[in-house]
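There are 2 protein chains.
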Amino acid sequence: MNSQELWKKYEEKMFIQSAYRLVLGTTSFDAETIAPHKGDAYRNERVAYLEGELFSLQTDPEFLALVEELSRRDDLSFQQKRIIKWQLTDMERFRYVPKDIFVEYARLSMESSQTWKKAKEAKDYSMFKPYLLKTIEMSKKLLEYRHSDLKGYDILLDDFEPGMTIEKYDAFFDLIKKEIVPLVAAVVKKEKIDDRFVYLNYPAEQQRKLTEKILDYMHYDRDAGVVAETEHPFSDALSKYDSRVTTHYYENNLMSSIFSIIHETGHATYNAQIRDDIAETYCFDNISSGMHESQSRLMENYLGRTRGFWVNLFDDVKELFPKQLENVDLEGFVRAANASFPSLIRTEADELTYPLHILIRYELEKAIFDGSVDVEKLDQLWADKYEEYLGVRPANDAEGILQDVHWSGGSFGYFPTYALGSGYAAQFMHAMAEDLDPEKCMEDNEFPKIKDWLREHIHQYGGLYSPAEIMVMATGEPFDPHYYVEYLKNKYSKLYEL
Amino acid sequence: MNSQELWKKYEEKMFIQSAYRLVLGTTSFDAETIAPHKGDAYRNERVAYLEGELFSLQTDPEFLALVEELSRRDDLSFQQKRIIKWQLTDMERFRYVPKDIFVEYARLSMESSQTWKKAKEAKDYSMFKPYLLKTIEMSKKLLEYRHSDLKGYDILLDDFEPGMTIEKYDAFFDLIKKEIVPLVAAVVKKEKIDDRFVYLNYPAEQQRKLTEKILDYMHYDRDAGVVAETEHPFSDALSKYDSRVTTHYYENNLMSSIFSIIHETGHATYNAQIRDDIAETYCFDNISSGMHESQSRLMENYLGRTRGFWVNLFDDVKELFPKQLENVDLEGFVRAANASFPSLIRTEADELTYPLHILIRYELEKAIFDGSVDVEKLDQLWADKYEEYLGVRPANDAEGILQDVHWSGGSFGYFPTYALGSGYAAQFMHAMAEDLDPEKCMEDNEFPKIKDWLREHIHQYGGLYSPAEIMVMATGEPFDPHYYVEYLKNKYSKLYEL
Chain A
0 MNSQELWKKY EEKMFIQSAY RLVLGTTSFD AETIAPHKGD AYRNERVAYL EGELFSLQTD
60 PEFLALVEEL SRRDDLSFQQ KRIIKWQLTD MERFRYVPKD IFVEYARLSM ESSQTWKKAK
120 EAKDYSMFKP YLLKTIEMSK KLLEYRHSDL KGYDILLDDF EPGMTIEKYD AFFDLIKKEI
180 VPLVAAVVKK EKIDDRFVYL NYPAEQQRKL TEKILDYMHY DRDAGVVAET EHPFSDALSK
240 YDSRVTTHYY ENNLMSSIFS IIHETGHATY NAQIRDDIAE TYCFDNISSG MHESQSRLME
300 NYLGRTRGFW VNLFDDVKEL FPKQLENVDL EGFVRAANAS FPSLIRTEAD ELTYPLHILI
360 RYELEKAIFD GSVDVEKLDQ LWADKYEEYL GVRPANDAEG ILQDVHWSGG SFGYFPTYAL
420 GSGYAAQFMH AMAEDLDPEK CMEDNEFPKI KDWLREHIHQ YGGLYSPAEI MVMATGEPFD
480 PHYYVEYLKN KYSKLYEL
Chain B
0 MNSQELWKKY EEKMFIQSAY RLVLGTTSFD AETIAPHKGD AYRNERVAYL EGELFSLQTD
60 PEFLALVEEL SRRDDLSFQQ KRIIKWQLTD MERFRYVPKD IFVEYARLSM ESSQTWKKAK
120 EAKDYSMFKP YLLKTIEMSK KLLEYRHSDL KGYDILLDDF EPGMTIEKYD AFFDLIKKEI
180 VPLVAAVVKK EKIDDRFVYL NYPAEQQRKL TEKILDYMHY DRDAGVVAET EHPFSDALSK
240 YDSRVTTHYY ENNLMSSIFS IIHETGHATY NAQIRDDIAE TYCFDNISSG MHESQSRLME
300 NYLGRTRGFW VNLFDDVKEL FPKQLENVDL EGFVRAANAS FPSLIRTEAD ELTYPLHILI
360 RYELEKAIFD GSVDVEKLDQ LWADKYEEYL GVRPANDAEG ILQDVHWSGG SFGYFPTYAL
420 GSGYAAQFMH AMAEDLDPEK CMEDNEFPKI KDWLREHIHQ YGGLYSPAEI MVMATGEPFD
480 PHYYVEYLKN KYSKLYEL
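Residue numbers (numbering that gives the first Met the number 0), protein chains in the order written: chain A, 0 to 497; chain B, 0 to 497.
Heads up, a few of these hints could be off.
DSBU-like, lysine-lysine: derived pairs with alpha carbons at most 30 Å apart [stated by the list, open to error]:
| no. | chain 1 | residue 1 | chain 2 | residue 2 |
| --- | --- | --- | --- | --- |
| 1 | B | 139 | B | 116 |
| 2 | A | 12 | B | 37 |
| 3 | B | 8 | A | 12 |
| 4 | B | 117 | A | 208 |
| 5 | B | 8 | A | 8 |
| 6 | A | 37 | B | 117 |
| 7 | B | 37 | A | 212 |
| 8 | A | 208 | B | 7 |
| 9 | A | 8 | B | 12 |
| 10 | B | 98 | A | 12 |
| 11 | B | 450 | A | 7 |
| 12 | A | 450 | B | 37 |
| 13 | B | 488 | B | 450 |
| 14 | B | 116 | A | 98 |
One side of the interface only, derived from the structure: several residues of chain B facing chain A at Cβ under 7 Å [what the hints assert, rightly or not]:
| no. | residue |
| --- | --- |
| 15 | 58 |
| 16 | 60 |
| 17 | 61 |
Simulated from the structure, these hints should not be mistaken for laboratory data. These figures come from a predicted structure and were not determined experimentally. Cβ coordinates follow ideal geometry from the N, Cα and C atoms, glycine included.
Make the full structure from the sequences, and use the hints.
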């Protein structure tokens, strides 16, 4: 069979896999947003079964042989070769795992996430602990079936961010520790920014209207995207033509939902701006976590927390909350959006202390996988590290180890990409500044110009290139975390007059 | 293999089919409620593929042989025998249809429904017409693959309501024509009930709160059910533990959403009250349309439009709309909820004129399938019949032939069950009255007592028994439409002092 005939066969098989992914993705979104919990057990069983069917398709020997055969063909286009390269890499994650273990893991992940949710509501880690320990055990067991050149936690780090290892993350976080920990300590000693207005009463109904304004401002295409409400904001993309972002409204916090929605829209924009000719290929799913996070952080922090972003929106905010913002002007609003103080909840953390929240999780994960920690005591270790790096200690499990969903679903190795993404974003912004002035664009109400730059230099490729390649293509040099550290130092030295 | 071993095999296969149904059902609900329309084409292709997979499972020769073998076994329990009986009947609908034709039909249905939606918005039948004609053609084509003892439209009628035929529906609708058409004409001549307050401004936000009150009042279990908003209200049940009801808020109509939500909750309650031991069997899906509709109509009309229903709710309604209802008391509210007048939109029609809306659709469907009508002119025929039976003529397609979704999805034979269900409900209410006084129950705030009666006599069985059997079991006699006609005559003679 000639290569293009083989390719057509490959595409047919991928279409089938994409059908399963679409309905399972939709069912998962439904479960996260609205499905009633009494249906959990019934749904879990059936979703686990179909995850198993998808797994069978992905590990079908005929399919594996087809991909391997294609990987040996020289007469494919560059694009086709790349797609096959990623597919082959990704297949290693599944192909040696027995199906029953995979299905057991899929079921455990669902049950564990659902239990985590209840445990968090009850602020009771003991409810969740057996699931967490089992999830850790299963995650370690899955590693035994990997045929990677890497070992242990390195495998997981590479899964979420190709090319990243403990060694490289250690270097990255050492720099954070060296430069940012003292910066946070210096800021703590300075006079606090007055952000008391942030914590007045902001009715959810009005916040919903603000969300619409922000989405309009960011030109989020409502004919190709959805916004919903969940306990934890997240984003998902069922296809290039179907983005999903969620947020959560706290009535005693104006900023929380604002920056959630800007963040998640950053993710959604990435998926929506992929090039048409690769939108229905493996490149759509192959975007690394760090790259994805760079685009959400870029929108949330590097754009969303600037004065420029709010020049054309602040009147709307005041109109929605006239009493609460009676004595607040644009400058005061933006200052409050950038106030830094040590806190307990990662998702609510400011831009400066944020990487320390990630540092804590990275150190714990590393220790879980090298066995240097007693997993029975993870909640205590969590609290200890918060005290060490941020000087605060959780008063209960909900603001401690129970705050994040990730571990319940077995996502170990994911957290570090959050800090890395912020690092990537700093370098992207530096490169963008050579072509346009983003604050000026926003002042001129030309947000699409910024989206165009991101599409041209980053988004259009989806996961066609590796993170390292995109970085060089978009910025002219390999990733250099000093852009990030310098950005934080400059910004916060000015803001707090250090 | 002994019968119980065979049965276990059958259950395993049914579990797999239920997994596909669950994710396809969830994806369909998502598409109806929130999915962005730019994702339609991508989703349609994939859903059609998986519908085909489910079709393959349902028509797998091994599965067919298994069911046939089970149907020959004498040592199954009564329940098992019944389940197999229904399964076998249902299989005839699919087993002789070529898969490619089935998939083509599934894809056409989705495209046709999506086009219908746009055409209705644009009030432009010409957009939808080619899809409707194609859907009619395909529906007729599918009939060629049926091996039923029945012919043509009778097959479709029997699909939706086992045992019903043109002959039986003709008799039913002849009675409606004889008794209800003159009653409607008599009511038109009387002084109108003052219901002007119904059409004041009722903000959707407040109506949403009223929906919550109504659901609480009806003891709708929010841990096993969802409420959402759609252009057309509907209900769905993904499992006994996961009901879905939707409604639509018109800000210039207080009653529309109220009776939609009561109606759909009637459907949801049926599915939620099925007996545990048959909740995950074929009996869950096997409830006939007429039986289902009897339970929604029972809640909407026979309970929801009585004074008793509102005794404990009316204060809440007034609190939500103090200005709009300033001069309305409980009696005036209930009278307005029962006002009858000829109108154009079926879903908004009052209880008395409602069966005439169905009569019109029944006559058109019958004519479509016996070929006595020029389908090119369906929109005109629709308008003519409205003029004939109700004395009103649609001013545009949206309030004429485009008003209902059913035909776009190929649901021919469904409409008549709506009137039949109202008929069933009258007889059920007559039987219920021998055991309890529903209005008194509601006045005493004991709605669950009514739900208990319905569970005991109807809901618990799901589709274990045929509609005719349930009717005899619950009421002691076969279906008799005179209960319905007498109910309408009594009620409206009193209300309008005829």
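Structure-based check of all given hints:
no.: 1; hint: 139/B x 116/B; verdict: holds (23 Å)
no.: 2; hint: 12/A x 37/B; verdict: holds (24 Å)
no.: 3; hint: 8/B x 12/A; verdict: holds (29 Å)
no.: 4; hint: 117/B x 208/A; verdict: holds (26 Å)
no.: 5; hint: 8/B x 8/A; verdict: violated (34 Å)
no.: 6; hint: 37/A x 117/B; verdict: violated (36 Å)
no.: 7; hint: 37/B x 212/A; verdict: holds (21 Å)
no.: 8; hint: 208/A x 7/B; verdict: violated (53 Å)
no.: 9; hint: 8/A x 12/B; verdict: holds (29 Å)
no.: 10; hint: 98/B x 12/A; verdict: holds (19 Å)
no.: 11; hint: 450/B x 7/A; verdict: violated (56 Å)
no.: 12; hint: 450/A x 37/B; verdict: holds (20 Å)
no.: 13; hint: 488/B x 450/B; verdict: holds (27 Å)
no.: 14; hint: 116/B x 98/A; verdict: violated (42 Å)
no.: 15; hint: 58; verdict: violated (18 Å)
no.: 16; hint: 60; verdict: violated (20 Å)
no.: 17; hint: 61; verdict: violated (18 Å)
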